[in-house]
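All chains should be modelled from the sequences, with the hints used to inform the complete structure.
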Amino acid sequence: MKNLNYLICILIGLGITLSSCNQSQKTNGALASSAAEKVYVAPGEQDEFYAFLSGGYSGNLTVYGLPSGRMFKEIPVFSQFPTSGYGYSEETKPMLNTSFGFVPWDDLHHPDISQTNGELDGRWIFVNGNNTPRIARVSLSTFETEEIIEVPNSAGNHSSSFITENTEYVVAGTRFSVPVPQRDMPINEYKGNFKGALSFISVAPDNGRLNLEFQVLMPGFNYDLSHPGRGKSHGWFFFSTYNTEEANSLLEVMASQNDKDFIAAVNWKKIEEYVKNGGGTKMPANYAHNVYDEETHTGTSTMIKEVVTVDPTQVPGSLYFLPTPKSPHGCDVNPTGQYIIGSGKLSADITVHSFDKMIAAIEGEKFDGEAYGIPILKFEEVLAGTVKSGGLGPLHTEFDDKGNAYTTFFISSEVVKWKVGTWEVVDRKPTYYSVGHLMIPGGNSRKPFGKYVVAMNKITKDRYLPTGPEMEHSAQIYDISGEKMELIYDFPTHGEPHYAAGCPAELLASKSKKIYRLDENKHKYATIGPDDARVERDGNEVHIYMSTIRSHFTPDNIEGIKVGDKVYFHITNHEQDFDVPHGFTIIGQGTSEILVMPGQTKTSLWEPKKVGVWPFYCTDFCSALHQEMQGYIRVSPANSNIDLSWSLGE
Amino acid sequence: MMKKASILMIIGPLFLLGLYVFPLWNIMLGAPQYPEPLGMNIYIDGIKGVSEFDIQNIDGLNHYIGMRTLPKPEDMWEFSTFPWVIGAMVALGVMIGLLGFFEKVSYKWFMGWFVLMSILGVLGMYDFNAWMVDYGTNLDPNAIMKLTNADGTPVSYKPPLFGHVKMLNFDVTSLPSTGAWLMFVGMMTTLIAFFMGKKAWQPKGEAGAVSPIKVKSNDQ
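Just so you know, the sequences run in chain order A and B. If you're matching positions, the first sequence starts at 473 in the numbering used here and goes up one per residue. If you're matching positions, the second sequence starts at 42 in the numbering used here and goes up one per residue.
The set of hints was computed from the structure by calculation and includes no laboratory data. Take these hints with a grain of salt, some might be off.
As the list claims (entries may be wrong) - Lysine to aspartate or glutamate pairs mimicking EDC-like chemistry, simulated, CA-CA at most 20 Å apart:
# : chain 1 : residue 1 : chain 2 : residue 2
1 : A       : LYS983    : B       : ASP175
2 : A       : LYS874    : A       : GLU591
3 : B       : LYS89     : A       : ASP991
4 : A       : LYS985    : B       : GLU93
5 : A       : LYS742    : A       : GLU835
6 : A       : LYS986    : B       : ASP86
7 : B       : LYS89     : A       : ASP1049
8 : A       : LYS985    : B       : GLU77
Structure, rendered in structure tokens:
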């Protein structure tokens, strides 16, 4: 009887081997067809998730659908965008104002969606400008940039723009340490003199308005990435550091000497309280705060002259260093807030710190010396575990809702799935090629939606038709609903995505605005009714109050303009129908066209240089009579005395 | 039994009050580029868009083919008259019901009200249709698009009174709406009231003996 059982066991075993053998032979075909079904969103159907991918050096934010990988929109944030006139129109130029003047570009890095109680709430998305330090807030009902605040005392705004779990703060940490305040000094006196500013920018719960509340002035390390504590660790913020050597040249070598750098644990609640009680130092500063008002359709820029700085050594218990091997890059916190994952980017392993152990080590004063008066916790006292991955160059980690973590490995070009708590590697899949960030919708919150992971590559080399030396980046979508990850799609992404944020479609789709109400338009130069259309002269400034409706401009014949005038075309779109924008441009226009949404007013400044009769037209195909939507403006010599006149249909 | 019939006769006309709240008729215009169709609800006192800006957008489209803009309440006498007519009919109906309840009038008055309401309804429909004919055919001679049928006559843009037609790129569907259905229910209620009243009336006296209906029911 026993023998028979053994025989059956062997036969079953053999059967499994054979069938799995067959499977692996068929894998390609079978997988390909099921993958197609998984990513196919039929015409007329909608995606399950929104994905917001940073556009990196494009300066903008792109919106995609998952699982289809279809791009829906590019939202201009830090870069001028001729498609809509963002950064060219008079209303949006102030959005790009900084203490360095008008800066029409930035390197956009890390999108983060607003949260309530640690869960995505879909009100706003925050992004950081890395080069000229700025934080932007983008509305998720209009999908437009509403606010940009410059970050003083910062340089290379990289460990940004991550939010606390009730969107109390959007946090912006500096990558480069710099003299604070900036001054003329020898570069090689960096060590001990430069500072790294970690900025805490509050977000008003009702309208999202940003205010730089305080800056924590840290030792002169590089602050690479950060993530908020959540759940039990809410109130803390974690920053990875490198160059704790404080080298100022050839960092490639000089900043890689220490076996361990730090993850800085900042108790922002303690510092907040300290500042509320009058702590901190008011330091003179000069930074821009730019706000776009949805009702006036106009941006304004205000320079702020002061910032509160905090020396963390003056706030006991507010800051500790957690030793972390090999220049950690990603610094990620799991959904329960218990584990802080440090990815030593020169390492094969992933270091996981325990929040509970950290608190115990602080209480037990298990210190291993200090750095600039800041206690360094003993490595083994805070270590929860190490993921022995077998990969090389871990960068970033996201989480699903089943207790798994997914870490990208840049050097070995793969995504590795591992179990939080046991640290065992469950699965690994290659990426194409050299993955940087990855994103699971809600994967940086208490409530991830663990159905897909998007891996965004750093190397532009891809597997598509070649398009010359320069090409877009490539991303992969993996189905992570099962035990093993399954690669289901490749798609190109715009710019170089540094991180992304995603959320279920139903969180945003229903509240996405379709038009702006004309009766709520409070633009200073709005033309609310066609009878208000007119032309006014004020010295050499001419203001044209113009309205548009399918398919004509009111007025469309204008005379009395002179060479040397500054002509402001204030265009108000009278349509109140979804998807009927009108565009405007005029010959010799030195900026871009403007695209005016229904109910909106936008202004294009034109400075005529030549005498003549010059045409303008609608740039957006608005109706069957779009081609008829045109007009003329007569430009006379500077000394002419032709009166202003305007008309339509005469 | 006559009391019950009278109560129905009181309730029936009250359904017409729904016309002050709900639209009488609904016309929807869908097209490929309007996956969410435009629509208008016709009330007894004016026309409103199904969505806020639908009227403005329908007018915007209609200007291509030279149709006049949709009438505002002050543009048509019907919109100021209909609410009074409906009010009068409700009052009349309820009064007849009450008089029936106290046996001051016979069930025949119920039918009288029903017939009068039906005549007014048919007149209303006739008027509505006449307006649509005028609106859909009396076009601006300088219209941007002047379309003709195969025989050279101008295309009519008259919406159907009832049902669906394809009009250029638009699918136009015209159907009674909540107000009309309530009116229908109300009128049917008065009709039931009439028959109930009639049934109740019979055993009491011989007056209706010659009625064919009565003969029939006797046979049963």
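A quick look at each hint next to the structure:
Taken as a hint, the LYS983 of chain A and ASP175 of chain B pair is broken in the structure, with Cα atoms around 40 Å apart against an allowance of 20 Å. A threshold of 20 Å between alpha carbons decides the hint, and for LYS874 of chain A with GLU591 of chain A the separation of about 16 Å falls inside it, so the pair holds. A threshold of 20 Å between alpha carbons decides the hint, and for LYS89 of chain B with ASP991 of chain A the separation of about 18 Å falls inside it, so the pair holds. Of the pairs offered as hints, the one joining LYS985 of chain A and GLU93 of chain B holds, with about 14 Å between alpha carbons and a cut-off of 20 Å not exceeded.
Proximity of LYS742 of chain A to GLU835 of chain A is assessed by CA-CA distance (about 16 Å); at most 20 Å being required, the pair is judged to hold. For the proposed pair LYS986 of chain A and ASP86 of chain B, the alpha carbon gap of about 30 Å is over 20 Å, so the pair is violated. As the CA atoms of LYS89 of chain B and ASP1049 of chain A are separated by approximately 16 Å, the hinted pair is consistent with the 20 Å bound. Using a Cα cut-off of 20 Å, the hinted pair LYS985 of chain A and GLU77 of chain B holds, with the two alpha carbons roughly 15 Å apart.
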